[in-house]
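Chains as they are written, first to last, in our numbering: chain A, 19 to 874; chain B, 14 to 124.
A couple of the hints might just be wrong.
Said to hold, decoys possible - Chain A is nowhere near these chain B residues, computed Cβ spacing over 12 Å in every case:
#1 S74
#2 R99
#3 R106
#4 E109
Unchecked claim - Label pairs and their computed distance ranges (CB to CB):
#5 A:R477 / B:R110: 55 to 61 Å
#6 A:R801 / B:G51: 31 to 37 Å
#7 B:W112 / A:R801: 53 to 59 Å
#8 B:K95 / A:R106: 45 to 51 Å
#9 B:E109 / A:R106: 47 to 53 Å
#10 B:A103 / A:R90: 31 to 37 Å
#11 A:A812 / B:M111: 54 to 60 Å
#12 A:G789 / B:E109: 51 to 57 Å
#13 B:K121 / A:R90: 55 to 61 Å
#14 B:K95 / A:P450: 56 to 62 Å
#15 A:R90 / B:K95: 26 to 32 Å
#16 B:E109 / A:G21: 43 to 49 Å
#17 A:R477 / B:K95: 32 to 38 Å
#18 A:W28 / B:K95: 39 to 45 Å
Note that these hints are calculated values from the structure, not bench results. As the structure is a computational prediction, the values presented were derived from the model and not from experiment. Even for Gly, the Cβ is constructed at its ideal location relative to N, Cα and C.
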Amino acid sequence: MTGRPRLSAWLLERWLPPEDRDEIVGDLDEQFAERLHRDGARRARRWYRAQARDLVWRYRQRPVLHPAPEGRTAMLLDDLRHASRQFRSRPAAPLLVAAMLAAAIGLCTGTFAVVDSLLLERAPFHEVERLRAVAVRRIFGQDNPELDRLIGAWRTAGIFEAVEAAGAAPPETPTTGVGGSAALVTPGLFDMLGVRPIRGRGFTDEDTRAGDTEPVVISERLWREAFGADPATLGSVVTLGGRECRLIGVMPADFRFPDRDTVIWRPLSLDARPFPFAVGRPAYARLPRGIPESEVMARAAAIAGAADPRFTARPNELAFSPIGGIVDANAARALPLFGGGVALIFLALCANASGILLSRMTVRRRELGLRLSLGASRWRLLRESTIEHAIVAAAGIAAGIGIARAVTSVAPRLMSDGFDLAQSLNPIDVDPRALALAASLGAFAVLIAGVLPAWVGTRVNPADAIRPSDRTHTESRPARAIARTLLVAQVAFAAMLVLGAALLVRSFGRMATADRGMDPRDVHTINAFMSSVAPAVLDDVDARLRAIPGIEAAAVAGGAPPEGNNDFSGTWRTDLVSGIEVESELYDIRSDYFGFFGLTLLRGRHVQPGDGRDVAIVSERVAAMLWPDADPLGKVMTMEDGPFSARVIGVARDIALPSLLDGVDLPEIYIPHTGRRKVLSASWKCRARCPDRSEIVTAIRTADARAEVVGRVSSAEERYAAHLVRPRVAAELGATFAAAGFLTSGAGLFAALTYAVGRRRREFGIRTALGATPAVLRRSVTREALAVAAAGVAIGAVGGWTLQRGLSSVTYGVSGLDPTAWLAMMLVVTLTMLAASWRPSRQAARANPVELLRDE
Amino acid sequence: MPRESLGDVEHFVLVALLRLGGESYGVPILEEISARTGREVARSAVYIALRRLEDKGLVRSRMGEPTAARGGRPKRFFSLTKAGARQLVAARRAYERMWADVSRLAAKAAR
Numbered sequence: 019m020t021g022r023p024r025l026s027a028w029l030l031e032r033w034l035p036p037e038d039r040d041e042i043v044g045d046l047d048e049q050f051a052e053r054l055h056r057d058g059a060r061r062a063r064r065w066y067r068a069q070a071r072d073l074v075w076r077y078r079q080r081p082v083l084h085p086a087p088e089g090r091t092a093m094l095l096d097d098l099r100h101a102s103r104q105f106r107s108r109p110a111a112p113l114l115v116a117a118m119l120a121a122a123i124g125l126c127t128g129t130f131a132v133v134d135s136l137l138l139e140r141a142p143f144h145e146v147e148r149l150r151a152v153a154v155r156r157i158f159g160q161d162n163p164e165l166d167r168l169i170g171a172w173r174t175a176g177i178f179e180a181v182e183a184a185g186a187a188p189p190e191t192p193t194t195g196v197g198g199s200a201a202l203v204t205p206g207l208f209d210m211l212g213v214r215p216i217r218g219r220g221f222t223d224e225d226t227r228a229g230d231t232e233p234v235v236i237s238e239r240l241w242r243e244a245f246g247a248d249p250a251t252l253g254s255v256v257t258l259g260g261r262e263c264r265l266i267g268v269m270p271a272d273f274r275f276p277d278r279d280t281v282i283w284r285p286l287s288l289d290a291r292p293f294p295f296a297v298g299r300p301a302y303a304r305l306p307r308g309i310p311e312s313e314v315m316a317r318a319a320a321i322a323g324a325a326d327p328r329f330t331a332r333p334n335e336l337a338f339s340p341i342g343g344i345v346d347a348n349a350a351r352a353l354p355l356f357g358g359g360v361a362l363i364f365l366a367l368c369a370n371a372s373g374i375l376l377s378r379m380t381v382r383r384r385e386l387g388l389r390l391s392l393g394a395s396r397w398r399l400l401r402e403s404t405i406e407h408a409i410v411a412a413a414g415i416a417a418g419i420g421i422a423r424a425v426t427s428v429a430p431r432l433m434s435d436g437f438d439l440a441q442s443l444n445p446i447d448v449d450p451r452a453l454a455l456a457a458s459l460g461a462f463a464v465l466i467a468g469v470l471p472a473w474v475g476t477r478v479n480p481a482d483a484i485r486p487s488d489r490t491h492t493e494s495r496p497a498r499a500i501a502r503t504l505l506v507a508q509v510a511f512a513a514m515l516v517l518g519a520a521l522l523v524r525s526f527g528r529m530a531t532a533d534r535g536m537d538p539r540d541v542h543t544i545n546a547f548m549s550s551v552a553p554a555v556l557d558d559v560d561a562r563l564r565a566i567p568g569i570e571a572a573a574v575a576g577g578a579p580p581e582g583n584n585d586f587s588g589t590w591r592t593d594l595v596s597g598i599e600v601e602s603e604l605y606d607i608r609s610d611y612f613g614f615f616g617l618t619l620l621r622g623r624h625v626q627p628g629d630g631r632d633v634a635i636v637s638e639r640v641a642a643m644l645w646p647d648a649d650p651l652g653k654v655m656t657m658e659d660g661p662f663s664a665r666v667i668g669v670a671r672d673i674a675l676p677s678l679l680d681g682v683d684l685p686e687i688y689i690p691h692t693g694r695r696k697v698l699s700a701s702w703k704c705r706a707r708c709p710d711r712s713e714i715v716t717a718i719r720t721a722d723a724r725a726e727v728v729g730r731v732s733s734a735e736e737r738y739a740a741h742l743v744r745p746r747v748a749a750e751l752g753a754t755f756a757a758a759g760f761l762t763s764g765a766g767l768f769a770a771l772t773y774a775v776g777r778r779r780r781e782f783g784i785r786t787a788l789g790a791t792p793a794v795l796r797r798s799v800t801r802e803a804l805a806v807a808a809a810g811v812a813i814g815a816v817g818g819w820t821l822q823r824g825l826s827s828v829t830y831g832v833s834g835l836d837p838t839a840w841l842a843m844m845l846v847v848t849l850t851m852l853a854a855s856w857r858p859s860r861q862a863a864r865a866n867p868v869e870l871l872r873d874e
Numbered sequence: 014m015p016r017e018s019l020g021d022v023e024h025f026v027l028v029a030l031l032r033l034g035g036e037s038y039g040v041p042i043l044e045e046i047s048a049r050t051g052r053e054v055a056r057s058a059v060y061i062a063l064r065r066l067e068d069k070g071l072v073r074s075r076m077g078e079p080t081a082a083r084g085g086r087p088k089r090f091f092s093l094t095k096a097g098a099r100q101l102v103a104a105r106r107a108y109e110r111m112w113a114d115v116s117r118l119a120a121k122a123a124r
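Based on the provided sequences and hints, a complete structural model is requested.
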């Protein structure tokens with residue numbers, strides 16, 4: 019067609035849908051030809067351009083105007099195109115929402131994976147519910163029998179389906195060079211656990227009688243790293259940590275037993291002399307089917323008593339515990355709380371994401387109204403909105419999976435000290451069920467908040483929505499109510515997190531600054547089992563320690579504070595009371611002990627050379643329990659269920675070991691070191707130059723050639739610090755959660771207020787024109803923020819009440835109603851809300867009526 | 014089920030098709046509407062209304078042969094279906110019921 023405007027023709031070709039194009043352009047061209055003839059080229063072209071403009075403009079809204087594409091796939095593609103256009107035009111909000119969803123899902127699922135591995139899941143062994151660690155308590159004041167005698171007796175009696183020994187190999191054993199530890203196991207252990215080697219074989223009784231080259235089984239991880247998984251190494255002699263051994267089998271990489279980091283297993287015979295494990299270390303057993311556990315336990319105890327008369331002294335000395343899972347009560351209490359903190363963050367993030375989506379409601383309503391008026395069906399708009407937000411949710415979930423993976427890989431490194439992650443025998447993997455739950459909850463929140471504007475928006479009369487100047491500049495009542503509820507919820511979650519963090523930080527502070535009752539500075543200790551602890555030997559060790567360069571003072575004793583590691587529990591009788599159970603720490607001391615450790619004797623006298631085993635010094639707590647409101651000096655204390663009786667010669671101040679663990683901070687009983695126990699704790703003070711372990715070992719061995727020095731050198735500061743690790747990690751995590759919580763809620767409030775002030779610009783302008791001062795306007799916005807803060811704090815306080823009761827089991831020396839913590843929570847929340855409202859309130863105060871009138 | 018009501022443009026298009034009788038295409042429909050109403054109706058609105066009416070089953074269409082006069086492009090011929098005719102009658106009745114006895118009042122109010 020000649021003469022028609024080229025650009026218009028091109029635009030029509032470009033924008034009209036192919037199936038309609040011929041008909042429409044044909045009609046247009048037909049009329050153009052007629053007009054060309056009738057009105058002349060110029061007017062005809064002008065007419066053509068106007069018609070093309072109208073067509074192109076309307077058909078550019080193709081998803082609306084174009085007839086619904088046929089077939090589901092075409093429809094879906096069309097909706098996806100629409101969604102991508104939406105993202106490109108306004109990327110900030112969807113990105114922010116996806117990021118928040120990702121953080122929520124990632125943190126929640128990652129944390130669940132960690133908690134699951136530690137707490138919920140049992141070790142991955144065959145019929146693990148029938149496996150038990152059977153621990154026999156150490157016996158006070160005597161050499162403990164070796165475990166092999168008990169295992170032998172139990173095997174002979176046949177009370178367990180199987181019973182085996184396993185434990186970390188002595189530290190002198192050369193291991194791997196690639197990390198991981200070695201363990202000694204009896205040949206039947208792998209079969210009892212129901213785990214088979216993936217290559218080669220497990221141990222047989224033959225292996226325990228092997229000649230020069232010891233047979234070993236290693237983990238697949240070690241096999242890959244050290245030998246490149248070379249099959250030729252199986253059955254041949256290899257060198258592990260400088261020691262030759264014969265590699266007979268490879269265990270699966272995720273097999274962890276008895277410790278999480280075990281990678282080498284060496285065979286152990288029950289006939290081995292000396293047997294490496296004494297009572298106090300657990301044996302491992304499989305319970306027989308059909309017999310109650312209590313019955314098995316009773317029989318096991320009876321057999322133990324028959325095997326060794328020392329066991330009959332005390333009843334209930336056997337403890338059966340399931341294998342794997344969490345090890346101590348503190349972690350068991352702390353981890354659910356930790357999970358609760360994460361859940362709060364999850365809820366706060368979801369509420370924030372929903373808030374952002376809802377705040378777009380007014381903008382979207384106008385757009386939706388426009389499209390409704392152009393003929394889009396309501397169903398169509400809802401579907402588009404659903405798809406759009408499903409994409410946002412999918413992006414959030416995908417990123418969330420990445421974050422969860424990162425959390426599970428970083429967690430073991432970050433928290434191994436604090437939460438005994440090393441104890442779990444399970445791999446830490448993202449749990450698909452937890453991921454599915456978090457993802458569906460998060461996606462649900464996003465979809466509801468995302469589609470709600472479309473739902474509400476498409477109910478309005480399109481004519482209202484497309485009015486050029488919409489006079490209702492504030493939100494509809496339900497929209498405002500929903501937005502405000504979400505904000506209040508965020509603030510409440512944040513308030514709970516801040517309260518929890520404040521309590522944890524206060525608890526940590528209390529622990530770190532608590533009065534210890536001793537002077538732990540520069541004190542180092544190592545322990546040894548001696549063949550003799552005669553005064554001459556102890557004097558010799560003492561003199562040799564002092565002779566080592568760098569050592570300023572030394573003390574030898576049985577047990578060193580703050581943890582004596584000699585649990586002395588019993589039922590006592592005195593002249594005032596009887597049948598009093600006291601769990602205490604027993605120290606065998608010499609005369610220099612109190613001076614060396616900076617302990618305080620409150621009354622009475624110190625231990626002197628020549629004192630026998632019939633005198634004792636007790637700490638204040640012991641005194642208060644056994645002689646309530648009376649002076650214990652000169653009185654006699656007698657153990658009703660053990661061979662101990664002593665006259666009190668002194669009362670000492672308590673040594674405090676602030677700890678979250680039960681049974682750690684025990685009261686003290688000091689007795690003269692008379693050789694009752696052949697244990698030695700060698701302690702010394704050194705500052706600039708501290709001796710190596712080997713120097714100390716040499717000194718002890720020179721004094722007693724048969725002495726066995728165990729473990730490493732530890733400092734008293736270090737042992738105090740060990741108990742601070744968990745509270746510190748807890749306080750740090752709590753503070754991080756709280757910071758995330760109130761940043762989220764602060765940002766949420768800031769966004770909501772900024773947006774609301776923007777919408778109410780007109781109202782503020784009119785109020786200014788009517789004489790309102792900037793201060794009045796500022797106050798009205800600040801009041802709104804404070805109302806949200808007050809409601810949030812009130813609801814948060816109710817939640818906080820429940821929270822602090824849970825926290826009381828994992829805090830030290832802080833009441834759940836600690837006024838400082840509660841005040842800090844209210845202050846932090848209120849200040850955050852005020853800070854968030856500062857800029858919006860100034861914006862409101864700057865409203866200029868003249869500018870607004872110009873807008874009209 | 015209440016029948017979906019007709020929009021203004023849809024109403025005009027249906028009446029135009031009725032007037033034009035039998036089959037008709039875009040140009041005569043546009044001209045008929047502007048001649049009868051005395052104003053230009055947006056071309057796009059008419060095409061969109063036609064497509065929607067077809068979706069609702071109130072009109073049907075078929076493609077004609079390409080002609081040189083239209084740059085080799087075919088016409089699309091529309092005709093009223095029975096349902097369309099019934100809808101039109103129903104719409105007219107609704108209008109009449111609404112207007113019954115108030116023409117005079119309307120004229121008076123407009124004065």
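Against the structure, the hints:
B:S74, annotated as away from the interface, has a beta carbon of chain A within 12 Å; the closest lies near 9 Å. Distance to chain A confirms B:R99 as a non-interface residue, since its nearest Cβ pair spans about 22 Å, more than 12 Å. The claim that B:R106 is not at the interface with chain A holds, since no C-beta of that chain comes within 12 Å of its own (minimum 25 Å). Even its closest Cβ contact with chain A, about 25 Å, leaves B:E109 beyond 12 Å, as expected for a residue assigned away from the interface.
As the Cβ distance of A:R477 to B:R110 is approximately 28 Å, the hint placing it in 55 to 61 Å is violated. Separated by about 57 Å at the C-beta atoms, A:R801 and B:G51 break the suggested range of 31 to 37 Å. Take B:W112 and A:R801: their Cβ atoms lie about 54 Å apart, and the range 53 to 59 Å holds. Taken as a hint, the range 45 to 51 Å holds for the pair B:K95 and A:R106, whose Cβ atoms sit roughly 46 Å apart.
A hinted range of 47 to 53 Å holds for the C-beta pair B:E109 and A:R106, which are about 50 Å apart. Evaluation of the 31 to 37 Å hint for B:A103 and A:R90 yields a pass: the beta carbon distance comes to about 33 Å. In this structure the hint that A:A812 and B:M111 lie 54 to 60 Å apart at CB holds, the actual value being about 56 Å. At about 56 Å, the beta-carbon gap between A:G789 and B:E109 stays in the expected band of 51 to 57 Å.
Under the hint 55 to 61 Å, the C-beta atoms of B:K121 and A:R90, about 56 Å apart, fit the expected range. As the Cβ distance of B:K95 to A:P450 is approximately 57 Å, the hint placing it in 56 to 62 Å holds. For A:R90 and B:K95, the Cβ-Cβ distance of about 31 Å falls inside the hinted range of 26 to 32 Å, so the restraint holds. Separated by about 47 Å at the C-beta atoms, B:E109 and A:G21 satisfy the suggested range of 43 to 49 Å.
In this structure, A:R477 and B:K95 meet the distance hint of 32 to 38 Å, their C-beta atoms being roughly 34 Å apart. The given range of 39 to 45 Å is respected by A:W28 and B:K95, whose C-beta atoms sit roughly 41 Å from each other.
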